[in-house]
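Asker: Residue numbering for the sequence shown follows my numbering, starting at 111 and increasing by one per position.
Quick caveat, the hints were computed from the structure, so don't treat them as lab data. Heads up, a few of these hints could be off.
[Said to hold, decoys possible] With a straight-line cut-off of 27 angstroms between C-alpha atoms, the simulated DSS-like cross-links for lysine-lysine are:
{"no.": "1", "residue 1": "364", "residue 2": "396"}
{"no.": "2", "residue 1": "414", "residue 2": "403"}
{"no.": "3", "residue 1": "214", "residue 2": "224"}
{"no.": "4", "residue 1": "113", "residue 2": "249"}
{"no.": "5", "residue 1": "364", "residue 2": "420"}
{"no.": "6", "residue 1": "495", "residue 2": "414"}
{"no.": "7", "residue 1": "396", "residue 2": "476"}
{"no.": "8", "residue 1": "364", "residue 2": "353"}
{"no.": "9", "residue 1": "371", "residue 2": "414"}
Predicted model only: the values in this text are computed from it and were never measured.
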Amino acid sequence: MKKSEFKFRRQKLMDIIGIGGIAILPSTFLQNFYYITGFSQDAIAIIIPQREQGQYILFCQNNLEIYDADDIFSISDIDDIIPGLLETCQRLYYPIGYDSDFDKKIITWINTLKNQIYSNAPSELLALDHILYEMRLYKTEAEATAMRAASQVLVQAYKRAMQFCHHDLYKYELEAEIVHELIRNGCSYPPYPITIVGGNYKFNDKDAVLEDNDLVKIDAGVRLENYAATITRTFPINGHFSKFQKLIYEIVFKAQHAAIKKIYPGNNWIEPHTAAVEIITEELIKLGLLIGKFNILIEEEAYKRFYPQKTCYWLGLDIYDNCDYKVNETWRDLEPNMVMSVEAGIYIPPAEDIAEEWWNIGICIKDNILITSAGHEVLTIDLPKARAEIEKFMAAT
Numbered sequence: 111m112k113k114s115e116f117k118f119r120r121q122k123l124m125d126i127i128g129i130g131g132i133a134i135l136p137s138t139f140l141q142n143f144y145y146i147t148g149f150s151q152d153a154i155a156i157i158i159p160q161r162e163q164g165q166y167i168l169f170c171q172n173n174l175e176i177y178d179a180d181d182i183f184s185i186s187d188i189d190d191i192i193p194g195l196l197e198t199c200q201r202l203y204y205p206i207g208y209d210s211d212f213d214k215k216i217i218t219w220i221n222t223l224k225n226q227i228y229s230n231a232p233s234e235l236l237a238l239d240h241i242l243y244e245m246r247l248y249k250t251e252a253e254a255t256a257m258r259a260a261s262q263v264l265v266q267a268y269k270r271a272m273q274f275c276h277h278d279l280y281k282y283e284l285e286a287e288i289v290h291e292l293i294r295n296g297c298s299y300p301p302y303p304i305t306i307v308g309g310n311y312k313f314n315d316k317d318a319v320l321e322d323n324d325l326v327k328i329d330a331g332v333r334l335e336n337y338a339a340t341i342t343r344t345f346p347i348n349g350h351f352s353k354f355q356k357l358i359y360e361i362v363f364k365a366q367h368a369a370i371k372k373i374y375p376g377n378n379w380i381e382p383h384t385a386a387v388e389i390i391t392e393e394l395i396k397l398g399l400l401i402g403k404f405n406i407l408i409e410e411e412a413y414k415r416f417y418p419q420k421t422c423y424w425l426g427l428d429i430y431d432n433c434d435y436k437v438n439e440t441w442r443d444l445e446p447n448m449v450m451s452v453e454a455g456i457y458i459p460p461a462e463d464i465a466e467e468w469w470n471i472g473i474c475i476k477d478n479i480l481i482t483s484a485g486h487e488v489l490t491i492d493l494p495k496a497r498a499e500i501e502k503f504m505a506a507t
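With these hints in hand, go ahead and build the complete structure from the sequences.
Answerer: Okay, structure coming up:
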């Protein structure tokens, strides 16, 4: 990503904190540090709007002139320099709680300044993390391009896994196919452990064998240029859905499709979830897996027995970007340039009140969606998802 992208973000942050503010950002603040600086080495970034000697200061181990800092100091000099910078400002923006050792340094510096007769210390300590998460919620074109690329790499990894899948295969062998494709395309590591679940739902048993007539659910993610993509697909190990697998798959597919249709500017964050759970509830009533009147079951959230999670999650530098879902206690409106993962699923556990033919059927489908001014763009659209598409794709391999 170009240096101008990070310079634009730093300027936007300066505009937010204003004159008299100082932002201190240690690299332990992970993705937010990268978002502002463009690198991930051990360092501390300081932003001081309209400081004559330079607005962007770095304390680091190595010479990082390529990162456009106005001043660069050794990280060993922080105790000598940062208190003097704090003394010039009224408001400190800092992500407290992410680095306990650095938190203690901040408190020590401020207390030292307060105890000096002719010194000033910031009178306000404000949360920097919330500001940066809000900035991260709205993607620039460069960020959207990076997320499209990450999504395409992950799509290819899933296609490779679907082509390679067969019974008597170990789960770790299927995982290796995914990792191979990710590394081949320049992705250093998955952002979270790849989950491969067979019919018996042993989540952590990578030595388990995939069995004929079972389903396999893969939940995998990738980072490319630090931006994340995440996909979940469920498909039959032998390439053909059974009668009961097919029925549940069609419900989940329909629910996710209904959720995605609700993603456009002006709708709010909860509406896709509402659309999904209404489909799931309605269809499970038809199958006899939920008993009762539709409105009452929705009100009682009876669907949570089979679908306990929400449908949409913010996506960006993290798989779950920590942006607010509500603003002033109201579900957030969807706006252009937001990106979210959209996931629907049904998981049927063994139970006395459920016919045995449904036991252990678990379906989950997840895609990445960019909200546009005209509606939305499915970043993972090239991966087979409809039941017939999956069977056709697997039959061709």
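Asker: Now, for every hint given, state plainly whether the structure supports it.
Answerer: Now the hints, each set against the structure:
no.	hint	verdict
1	364 x 396	holds (14 angstroms)
2	414 x 403	holds (16 angstroms)
3	214 x 224	holds (15 angstroms)
4	113 x 249	holds (16 angstroms)
5	364 x 420	holds (16 angstroms)
6	495 x 414	holds (24 angstroms)
7	396 x 476	holds (24 angstroms)
8	364 x 353	holds (17 angstroms)
9	371 x 414	holds (22 angstroms)
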